Amino acid sequence: MGTERKRKVSLFDVVDEATATAKVNKANGGGAVHGINTTTTGGMPLVNRWNGRPYSQRYYDILEKRKTLPVWHQKEEFLKALKDNQTLILVGETGSGKTTQIPQFVLEAVDVESADRRKKFMVGCTQPRRVAAMSVSRRVAEEMDVTIGEEVDGMLLREAMTDPLLERYKVIILDEAHERTLATDVLFGLLKEVLKNRPDLKLVVMSATLEAEKFQGYFFGAPLMKVPGRLHPVEIFYTQEPERDYLEAAIRTVVQIHMCEPPGDILVFLTGEEEIEDACRKITKEVANMGDQVGPVKVVPLYSTLPPAMQQKIFEPAPSPTTEGGPAGRKIVISTNIAETSLTIDGIVYVIDPGFAKQKVYNPRVRVESLLVSPISKASAHQRSGRAGRTQPGKCFRLYTERSFNNDLQPQTYPEILRSNLANTVLTLKKLGIDDLVHFDFMDPPAPETLMRALEVLNYLGALDDEGNLTKLGEIMSEFPLDPQMGKMLVVSSEFNCSNEILSISAMLSVPNCFVRPREAQKAADEAKARFGHIDGDHLTLLNVYHAYKQNNEDQSWCYENFVNHRALKSADNVRQQLARIMARFNLKLCSTDFNSRDYYINIRKAMLAGYFMQVAHLERTGHYLTVKDNQVVHLHPSNCLDHKPEWVIYNEYVLTSRNFIRTVTDVRGEWIVDIAPHYYDLENFPQCEAKRVLEKLYKKREKDKEESRNRR
Amino acid sequence: MAEEEDDYMGDLSQFLPSQSELSLNPPAPKVPSVNGGSKAANSQYSKKRPKIRNWQEQRKLKREIKQVEEDNRTLAGLESAIPQSNIGFKMLKQMGYTPGSGLGGSGRAEPVGLEIRRSRAGIGREDPIKEKLRKEEEMLWEKRRREEELMSDFGCRVKERWRNKRVVVNFHKAKGVLDQLENKEVVEVEKKDDDEKEEGEDEEEEVITEEDLHEILMKLRDDFQYCLFCGCQYESREALLGDCPGIDEDDH
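Chains as they are written, first to last, in the UniProt record's numbering: chain P, 1 to 713; chain F, 1 to 252.
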């Protein structure tokens, strides 16, 4: 889904920016620059040692503010601990200043220590999410009066593929470790190995208080340093009875707070875009109905797919009273769980927590990976309520009973590694030389079946042999920061004479949905989409969109007129270029079938099947689709462009939203299946079902055809 | 308008402060004054809803029920583990995996389960469709259970009535024997009394309980070594204990 795609893209973006803007730590950490700065001890340095320019006034202004942060009081203590230990756990609640200050402390300390001033070194600081990495690096750059690059933790993992001991780095800082993203957890295991082999490398793990002891135990009993946060007390309220409808209850509570409580902004946690937009409309309407007895409100939505300019709105101040001396205005932010940890909004005094979030789930048994609305954990509830106490004492209204809090919420959110498809991770680990997955030191080892599925997929794709060794094909696939199925599709696309087209399709699949469907112009948007539609499948529709975008010179107003998202297409184009570079590196030919040939689309569809033969659904006589081998009932997502119900389809995702949907589907033929993937469609190893009987016939026909052609010869 | 506001105001007051918080911070948080209350609002809401569903709603309900069935099927798929014949299973086993266990000692053996929510019911509250289906099923069970109960109840009552009758009959028999043994001369008179009593059985029935019968049977045994059901007087206490199968009629 959205976030999943976003994650993949962010990897690319970082690669790009890292090479384009160059990280300051690397570029400016070199010998020449070091030479300039020799005046550090005592007094205030007047020249910025990182770029040799005099400090701006702004630098000094910010410096004064920085010094009031709680973490500054422990600067000496931190630097000593860093000097004495290889690994350090730093625990600090939001507001302690750890995220922005620690990287700078580290940089200073390492710089002073650095013996060989000509040798380049780097301090890597990773953030689980791109938005956060961007805003942190922007802030740190501002504080240091320099420009700077950023890093998402998945990126460091890819670096390890070419630099297994991460020798470019002197210190690695893992921020927001408590979030336990998939990449963080894999990095943990990897860094544990690297630390053993590189006594000079230092690791700082930063986390909110939760689970800090667990980190300590995992990292050889590393010392734990606590930084107090700047949190005001937050009163917590519960409902008396479970709510019939949490959205309705949230809206009701917002209106009540606005009417009865003293000034202060409100933050409401909801689960997704649709729900959030719905709530924004309803609240605005409700408040408008109350006339001028109450103050004006500014209702602001916040979710990851919102354009950046819209996201900035959350930082605007609350509206001023409509009449002088009238009731105060209020800002009401309705957000997904992005506002739980990664984004901090000052001025929030009231938090409304319905207790749900969209969370990724993966189940290897039915092979479904989807975002599902699920109850949050106690730890999350705690984080959410803390958001009310950033600027002054606050209140948190939990839309569930205290009994439910105690009995129905699990203590911690499951780390992502327990909720993810690990096919890509296993391929990366294999590439990193980690062959024994059973004994790899995971902080929370994944379920065995999740690894089995990953190994199975990689084996059927030909990336691993039966002994689990990485094949030549697997080596190449691992270089693509994509799901193995897509990697395989790209690698074989030259053989099907359509690698140009497959590149475009892969790029389009790697970015957020490019179709825009505004509420006020749904019909027009649907008509626009239909113009791009290809009756044989959504993948081909995406290809049409990409081609049209290029033919219209990537024009922004063309995008607007045709209801496609310019940003998405631009980043698809960017992704495509990077994928093309990887293709070139492995001498994979870029080619196309003649557009006028009837094989043009057939070749594309065959190449896609060569990657996605494990994601196939068969149309049963009853009229519904069953996924192959798992026999799960699924439906074509209503967004599909097909004009018919094909007997066989490949799909990009299997998601559980309002129904069990397969999304982004393309028609494939049974004959191709038995030709391209007979090893997977091995009937000796196939559950009894309608699809099996159809396949039996297809195999027989194939035998017969072969015989006939032999006889003819 | 004013009414609505009352409800809103009242609603915030329906929130309860955290119990644990309360013990930490003695001054209880101030909440706006009660006025109306959410329950009133809720009941008002439910009153507004029409009882009779039109065909659209019925169709929607049907679809939702179908969805629940489909979800249950999906969830059933989560029960079956990946078989040992699977290549992925074999590959993991080659790496030293012990079937049935988790990894690294602390790892979980089973994948994290999933719950499908298709409504906006709050935490601690059941999905309305599932609740409806569950309640319907429960009602069906309840109905069946009640029928069964009714049937067995009927059987019980028949048995009970028969049993009570036996108690009364046996009691009178025993009483007759006792009287006979105590004073043979009253026999005839007593017999008549007996008959009279039998006629008035219905009113007297409740008076004679199993305990009464037991008491009189024990008296016969203790004082006269007589067992009503053996129909004879034993020579000695030992003979009674040895030869008589038991105190109650059922023992005989």
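What the hints contain is simulated information worked out from the structure, not anything from laboratory work. All values derive from a computational prediction rather than experimental measurement. From the three backbone atoms N, C-alpha and C, an ideal C-beta is built for every residue, glycine too. Please note: incorrect hints may appear among the correct ones.
To be verified - Restraint-style ranges between C-beta atoms, simulated for each label pair:
#	chain 1	residue 1	chain 2	residue 2	range
1	F	Lys143	P	Glu248	32 to 42 Å
2	F	Ser101	P	Thr391	47 to 57 Å
3	P	Asp84	F	Ser101	53 to 63 Å
Stated by the list, open to error - Which residues of chain F face chain P? A partial, calculated answer using Cβ under 8 Å:
#	residue
4	Leu16
5	Arg73
6	Met91
Said to hold, decoys possible - Straight-line distance between alpha carbons at most 20 Å, and here's what the computed SDA-like set of lysine to any residue pairs gives:
#	chain 1	residue 1	chain 2	residue 2
7	F	Lys60	P	Thr657
8	P	Lys192	P	Arg168
9	F	Lys60	P	Glu211
10	F	Lys66	P	Glu620
11	P	Lys285	P	Glu274
12	F	Lys66	P	Lys226
13	F	Lys130	P	Asp245
14	F	Lys66	P	Pro638
15	P	Lys226	P	Glu211
16	F	Lys93	P	Asp435
17	F	Lys60	P	Glu620
18	F	Lys93	F	Lys66
19	F	Lys93	P	Gly433
20	P	Lys360	F	Val112
Which earlier hints can't be squared with this structure? 3, 9, 12, 17 and 18
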